[in-house]
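K.L.:
Chains A and B, in that order, are what the protein sequence lines are. Using our numbering, you'd call the opening residue of the first sequence number 1 and step up by one each time. Using our numbering, you'd call the opening residue of the second sequence number 1001 and step up by one each time.
Don't read these hints as lab results, they were simulated from the structure. Any given hint could be a false lead.
DSS-like cross-link-like pairs, simulated, lysine-lysine; straight-line CA separation at most 25 Å [as the list claims (entries may be wrong)]:
{"#": "1", "chain 1": "A", "residue 1": "Lys57", "chain 2": "B", "residue 2": "Lys1058"}
{"#": "2", "chain 1": "B", "residue 1": "Lys1068", "chain 2": "B", "residue 2": "Lys1058"}
{"#": "3", "chain 1": "A", "residue 1": "Lys57", "chain 2": "B", "residue 2": "Lys1102"}
Owing to the predicted nature of the structure, the values given are computational and were not obtained by experimental measurement.
Now for the letters of each chain:
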Amino acid sequence: DSGVTQTPKHLITATGQRVTLRCSPRSGDLSVYWYQQSLDQGLQFLIQYYNGEERAKGNILERFSAQQFPDLHSELNLSSLELGDSALYFCASSVAEWGDIQYFGAGTRLSVL
Amino acid sequence: AQSVTQLDSHVSVSEGTPVLLRCNYSSSYSPSLFWYVQHPNKGLQLLLKYTSAATLVKGINGFEAEFKKSETSFHLTKPSAHMSDAAEYFCVVPARVAGTYKYIFGTGTRLKVLA
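Looking at chain B on its own, in the form it has when it is part of the complex (with noise of 0.2 Å):
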């Protein structure tokens, strides 16, 4: 069964300092993997895709995510955390379940940046 993990449901960091946001996942083969940012109050918005094209993908707004195939893994980082990057960020999966397709939504890490 597809599945994904966040690792952490609170990151707390300083301006100026990197972030780690962890997600692993459970597939039985290389899947297409999606990070989300949602500010408060509004939408899902689209950070960065996965296609197995590299595994190292760069996003909007400074951010890049790693796939590790050896590790289930795609962490979020940034190098320097900026005040508009407080935020909750999901991790995406698109899987198969009871055969319909469906994303399946990681439960969020909140991102708060201490100035």
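So that you can see chain A by itself, here it is in the shape it has in the complex (with noise of 0.2 Å):
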């Protein structure tokens, strides 16, 4: 066990539909990461908080968005889902900004159909 906790672990929503993946990190840990993985794409890096500020962007979709709260658990908010959207969604937590070690979470199964 990691000690990172998303929930759901499934969703299964139609086209159009607007869904929010959640993320609690290790206890301790400052910075978030949410990652998107399928099997035409692999694992891309979607977006990194760290202490409640955005820190990096990677392949995030402008109708994704994400924000991590005072309590530093940080949702992931899907929205005009499209079936391409079907992934595995991950999310991450370190300690320190970054270079640390990262912890993954057992992942979000979205299926858009």
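Put the two chains together into one complex; each comes in its own frame, and the hints tell you how they fit.
P.N.:
The structure is reproduced here in structure tokens:
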């Protein structure tokens, strides 16, 4: 158990809908990272927050947004969902802002029908 | 620019034989380097981390990796494969890209262990 909690584990929704994925980092970790993993794109970095502030952006679509709250949990919001958004979404956390070991959650599997 | 290349997308070995998963990196200085493992339908788990303290790094489950600056390589090895080693393995380097700090993931190597 990595100590990183992601909810829900599975999510099934329809095209055009909006969903929110939640991540609770390990106790004491200030950085939260979001990744998308699909068969055709592999593992893609989406966005990173450190102590409530956005630190780095990767291949995150404009339809996607994220935030990190004062209690350090993070949410990833996906809107106007398309079939191609179906993927595993991982959250990871680390103590430092960069360069440190990342601890990954078990992921949320999103299926867009 | 910093990058990481995993030279094999798939590797098959027989149970009990050695494992070699290859990773080359590109960096203007000695970096930190990580190997992560992902079992089917699971999150990524750290196998080991190189931080310049020692070139041979021992990780969990009998894996180890050797940092070779002259070859810019960080290959992952295990003397004897076990069926439970079947998984996908990622080589990762922290990097500065366009003014921001990110983790660069290799494309992964899927290890198959044959009985």
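K.L.:
If a hint holds in the structure, say so; if it doesn't, say that too.
P.N.:
Structure-based check of each hint:
With a C-alpha separation of about 32 Å, the suggested pairing of Lys57(A) with Lys1058(B) is violated against the 25 Å cut-off. For the given pair, Lys1068(B) sits about 15 Å from Lys1058(B) by alpha-carbon distance, which is consistent with the 25 Å threshold. Between Lys57(A) and Lys1102(B) the alpha-carbon distance is near 8 Å, which keeps this suggested pair within the 25 Å criterion.
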